[in-house]
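Student: Sequence:
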Amino acid sequence: MNLKYKFQRGVSLVEGMTAAGVLGIAITVFMTLQSYQERDFANLRKFDKAAYAVELMFEELAAVYNPVAAQYGNPQVFEDTTAGASLKVKGLAQLPGDGDQIIIEGVGGKYEITDSTDFDDDNNTTLSLERSDVPDDTPNKNMASDATANSPITFISNAEGSLDPYNDLDMTKFEDPVYIASKTNLKVRADLDNWGALLKKHLGPARTGDKRLIEVEDIERDVPVDKDNDGVTDQVDGVDVYETVKKKQVTIIIKQDKIQEKFRRLFLAGT
20 MNLKYKFQRG VSLVEGMTAA GVLGIAITVF MTLQSYQERD FANLRKFDKA
70 AYAVELMFEE LAAVYNPVAA QYGNPQVFED TTAGASLKVK GLAQLPGDGD
120 QIIIEGVGGK YEITDSTDFD DDNNTTLSLE RSDVPDDTPN KNMASDATAN
170 SPITFISNAE GSLDPYNDLD MTKFEDPVYI ASKTNLKVRA DLDNWGALLK
220 KHLGPARTGD KRLIEVEDIE RDVPVDKDND GVTDQVDGVD VYETVKKKQV
270 TIIIKQDKIQ EKFRRLFLAG T
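Mapped onto this note's numbering, the consecutive letters of the sequence shown carry residue numbers 20 to 290.
Source of the hints: derived by calculation from the structure; they are not laboratory data.
Among the clues, some could well be false.
What the hints assert, rightly or not - Label-pair restraints from in silico Cβ distances: (1) Asp276 with Asp195: 16 to 26 Å; (2) Lys230 with Asn142: 40 to 50 Å; (3) Ala81 with Glu239: 14 to 24 Å.
The beta-carbon is built from N, C-alpha and C at its ideal position, and this holds for glycine as well.
With these hints in hand, go ahead and build the complete structure from the sequences.
Tutor: What follows is the structure, given as structure tokens:
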């Protein structure tokens, strides 16, 4: 007998089946990972395209934004008024727009104008108001307290020129008739239709859990003062001088599958 072959053994059936099973599992894991990677790469390519759509949205919001609210004259409270949902106003040179927001001296809170009557013979109008600085599900949105005759009224934003109506705009619902009808601002409604369709084109139809959302908030930033433009912060008694600047921060959130991106822009003086 040739000793060269005496001690050689073949692979048993059990060993062969085990090896084949391990190889099969490895191939399955590899194919699954490759499938996930291909899906993630596809989503990333979609996000690259969506980024151009988001940039267009920011440009259109910049064209809308006008931070200096029109005052329509010298508006004042017409007479002592018990806290409620309407207020008679004098001193307006023209009727304000629905969606304009005001504050009333001596009355806490901010208020959105939801309707206004035509001017009477003395150029007075009655505004329908809804408190805008409280959550949407607040049961009582009347004025926080009574208003006093001749108290000044200040417009803090106009529906035409304000970014506030875009807050919480859900672009996944751009084809939902009920949601569309809830947007009283016609410009917002038109932008919802255009932007929702644009994102659908780049990302495909929204699925459960996806986000295509706009958030708008007021923020304050301390900015160094440099009145002589010498590149050095001005000082008083050796202390740097800062001024507080109010800005609008717009965040556009895009989420698809497990990928989420937040695009953010600050708006100041229409820029």
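Student: Quick check: which numbered hints come out false for this structure?
Tutor: When the structure is compared with the hints, none of them turns out to be violated.
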